[in-house]
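*Asks:* What follows is the residue order along each chain.
Number of protein chains: 2
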Amino acid sequence: MTIVITAFERSPDGGKGLARDTRVRWALEEAGLPYEVRLVSFQAMKEPAHMAVHPFGQIPTFEEDGLALFETGAIIFHIAEQHGGLLPDDAHARARAIMWMFAALNTVEVPVLDLTIARFVEHDKPWAKERLPIVQDRIRQRLRELATRLGDGEWLDGAFSAGDLLMVSVLLRLRPSGMLDEFPNLAAYVARGEARPAYQRAFAAQLAINAPPG
Amino acid sequence: MTIVITAFERSPDGGKGLARDTRVRWALEEAGLPYEVRLVSFQAMKEPAHMAVHPFGQIPTFEEDGLALFETGAIIFHIAEQHGGLLPDDAHARARAIMWMFAALNTVEVPVLDLTIARFVEHDKPWAKERLPIVQDRIRQRLRELATRLGDGEWLDGAFSAGDLLMVSVLLRLRPSGMLDEFPNLAAYVARGEARPAYQRAFAAQLAINAPPG
Chain C
1 MTIVITAFER SPDGGKGLAR DTRVRWALEE AGLPYEVRLV SFQAMKEPAH
51 MAVHPFGQIP TFEEDGLALF ETGAIIFHIA EQHGGLLPDD AHARARAIMW
101 MFAALNTVEV PVLDLTIARF VEHDKPWAKE RLPIVQDRIR QRLRELATRL
151 GDGEWLDGAF SAGDLLMVSV LLRLRPSGML DEFPNLAAYV ARGEARPAYQ
201 RAFAAQLAIN APPG
Chain X
1 MTIVITAFER SPDGGKGLAR DTRVRWALEE AGLPYEVRLV SFQAMKEPAH
51 MAVHPFGQIP TFEEDGLALF ETGAIIFHIA EQHGGLLPDD AHARARAIMW
101 MFAALNTVEV PVLDLTIARF VEHDKPWAKE RLPIVQDRIR QRLRELATRL
151 GDGEWLDGAF SAGDLLMVSV LLRLRPSGML DEFPNLAAYV ARGEARPAYQ
201 RAFAAQLAIN APPG
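Chains as they are written, first to last, in full-length UniProt numbering: chain C, 1 to 214; chain X, 1 to 214.
So here's chain C without its partners, still in its complex pose:
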């Protein structure tokens, strides 16, 4: 059965690869799976047909063989569980890789999302300027802790896993802010993620939609 995912008809980031379909594309590329993409407009995301698959009216979604999933972490876990290359075979190492998937989304990304709120959603509020450094400091604390744990490791726990895929994807959101460069081992870790051929193919695929040539 063909895998069909959804993505923004036009991503708010203009093709920087920060929309969450890039994460799913990357996982599909690591697993070597072909897929099709259905583009969804902002209006269509909130209409009944899409809300039937994604009750919160977002992208991406994943459909294959009668199974419809939303929630990026769950989609990537499903791909990782069905196919090789994203989770280790050893039971303990596998549990730790899944632990890093949750850590990326629940512990590191939560303050990172607040930066998006501070910079874009609430940028015209009277508190925007004074609140920003508080939000940034919350992110720095997490980055400091993550940098300490990573040390000079190549990936978070042995071989590359779906945990690294999500952590690198979350950290990439910070690049425009310059904060990532305050932690050289994290910046190098992200660069290793981006250098993977599967990431490169995923990035190119979303770019072709969001910033088509000529």
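Please keep in mind that the hints were generated in silico from the structure rather than gathered at the bench.
Computed from a predicted structure; not experimentally measured.
Incorrect hints may have been included.
All copies of an identical chain are treated as equivalent in the list; a pair is satisfied when it fits inside any one copy or across any two copies.
Claimed, not checked - Below, a list of computed lysine to any residue pairs in the SDA-like style, where the Cα atoms sit at most 20 Å apart:
hint	residue 1	residue 2
1	Lys-16	Leu-207
2	Lys-46	Arg-142
3	Lys-125	Pro-111
4	Lys-129	Ile-117
Add chain X to chain C, keeping to what the hints say.
*Replies:* For chain X alone, kept in the frame of chain C given last:
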């Protein structure tokens, strides 16, 4: 091997059951697993011995037979995968239950955590009063979408699962705010979760530590 989890020596909520060890206790009770608890002070949470298990210096952690995990979602998934009662057998239903685990933590809890920041962390900031309703409206949007999906269902997708365990736990954080009561089907859903004997045992166990009788 004995399962050992960590919990606050003294929970900031004074025993309301909102600390994340309650979620892990609940999962262990649903699975019928005995466990021991190691209490950790706020100071000890940030010291090397604890940071070696939890790089972000939080609770809960989970240790069993040489495996050490942090991140509540990952711990509950590990319990659910190893034991019955928390994930359905059918492959598609199982994938959807995992989807709801991620949705609870990544889509619904993210704005809910912002309420904690607005009410407690930033309560003395000059913007506290004006920003609060904005944060509340972001939560209401998610609650409205969740309420629409739940409809008159007993649980999110068929039988009770780890997805419901986490969603109920996230929604419980909203009870003090009164916002939950704006959505009667969600309030009833949470009440069904609380009524489960496994939840009752988990709640009582954390209460015995945080609000000891006499």
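*Asks:* If a hint holds in the structure, say so; if it does not, say that too.
*Replies:* Hint-by-hint comparison with the structure:
For the homomeric pair Lys-16 and Leu-207, the shortest alpha-carbon distance inside one copy (7 Å) is at most 20 Å, but the shortest distance between copies (48 Å) is not. Taking the closest pair of Cα atoms, Lys-46 and Arg-142 come within 20 Å of each other only across two copies (13 Å); inside a single copy the shortest separation is 33 Å, beyond that limit. In this assembly of identical chains, the alpha carbons of Lys-125 and Pro-111 lie at most 20 Å apart whether taken from the same copy (19 Å) or from different copies (18 Å). In this homomeric assembly, Lys-129 and Ile-117 come within 20 Å of each other (Cα to Cα) both inside a single copy, at 12 Å, and across copies, at 17 Å.
Hint compliance for this structure: no hint is broken.
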